[in-house]
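Engineer: Residues per chain are reported as follows:
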Amino acid sequence: MSGTTEEATACAYTDYEAGEAPEEYPKTGEGAEGLEADIWDALYEVEDPEMPVSVVDLGLIYGVDIEETDTGTTAVVEMTLTYSGCPAREMLTNDVHCAALAAGVEAAEVRLRYSPNWNVNMVTEQGREDLREFGLSV
Amino acid sequence: MTDRYDTVDELDEEATEAFRELIYRLADDEYVIAERDIEWQIYAPTLESDLALANIAQDEFGHARLWYDLAQETGLSEAACLWEKPADQWRHSTLVELPYTDGDWADPVLRSYLYDTAERLRVEALAGSSVAPVADRVQKILDEERYHREHAQSWLERLTLGGGADAGTEESHAKVQDALDRLFPHALTLFAAGEHEETIVAEGFRTETLDDLRREWLDVVIPYLESLDLTVPEPEDEKRTATGRNGDHTEHWEPLLEEFTKTYREFDFDHPVRLREGGVS
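Protein sequence lines, in the order shown, are assigned to chains A and B.
Using the numbering used here, read the first sequence as starting at 8 and increasing by one per residue.
Using the numbering used here, read the second sequence as starting at 424 and increasing by one per residue.
Treat the hints as calculated values from the structure; they're not laboratory data.
Using N, Cα and C, we set each Cβ at its ideal position, and we do this for glycine too.
You may find that some hints are simply not true.
As the list claims (entries may be wrong) - Which residues of chain B face chain A? A partial, calculated answer using Cβ under 10 Å: (1) 488; (2) 492; (3) 544; (4) 547; (5) 560.
Based on the sequences and whatever the hints tell you, model everything.
Structural biologist: Structural data, given as structure tokens:
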């Protein structure tokens, strides 16, 4: 230690710029009604496996649609992953699939999308609070 | 004006063949370089670099998965794309299959620099792809790749003599030069054409030709490597016939494939293991 007081600086090899949340994101289900609202409510119960925060508040859900087919009502959930090497992909998509089914549809389909690329600014205000409580600075 | 495809299943038969070639070039490269990189687990020179390389490999496996997903949307199973794909149907460049030599840290560092610089250019050339799900993946991958180049460059500058304040030693510089002489001809195969190259461009799957990408890559890597006091081999002298892109690989490929599909083959999915005979399955 040099004994001089220096301002703490961030690691030069890490980029802390968080990017911007594109317009219309995060999608939170605000204004959804009926069955669609029930599905959003169910998705709020699905948590990221690493952090106690809902996948909706993380900004991972990109859309919920209801399709009527011959076999009944199908929920189509579009979602993304925080990073492409996510080892919990199967677990997360399965949790989302089950949550959508539990909201009362005959079938559910989860589609992964990668645009817009997810970034930290797509976390909702509630998500930020949950992350802070968990001990992350956002 | 080329057709636009919202989904992969809109492609006709000929276009599907060309599309699979494009996807295999991307996915197989990512998968195989990650396989090689994880061989450095516990052997990298510091815990920090061990973690960094593990993390890069994880990203590349992730990108391989993104591309293999699209191959599966053409009607192939994951096993057909990967675990059961015959050796001569893999389309990766020979650069990524070469074995590492014990302790030769200059190799993964330089290989990553050559490969990841090419990957950026190759993926950027997909941003305007006529196939929507291809373009959808571009920004995600580009954002994750930037760190890989930063990692490789920060090491190259520490291993070579031209790297300024943190420059390396005569010995480390010689090792990087050695790796460059050995890897450069293989790196050029990243831009070698496959059987369906004309269709890939004509259909707008990729919006740049391989020649243009190769030129752009040389324009980036040559001045950078020369700035580190390295001597770059003359690209025109370095023509390999086994490019990997044509299914023709080096002798190192089949043993590697054999090794990373071993567990898959041992699983014997047709006869799953049961916990208790006749009981829980």
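Engineer: Does the nearest C-beta of chain A fall within a distance shorter than 10 Å of the C-beta of residue 492/B?
Structural biologist: This interface hint holds because 8 Å falls under the 10 Å limit.
Engineer: Quick one, is the residue 544/B hint okay against chain A at 10 Å, beta carbons?
Structural biologist: violated (19 Å)
Engineer: Can you verify the interface hint for residue 547/B: is its Cβ closer than 10 Å to any Cβ in chain A?
Structural biologist: violated (14 Å)
Engineer: Less than 10 Å between beta-carbons is the criterion; does residue 560/B satisfy it with respect to chain A?
Structural biologist: With a minimum Cβ separation of about 5 Å from chain A (threshold 10 Å), the hint on residue 560/B holds.
Engineer: Holds or violated: is there a CB of chain A closer than 10 Å to the CB of residue 488/B?
Structural biologist: holds (7 Å)
The structure fails hints 3 and 4 (numbered hints given earlier, in ascending order).
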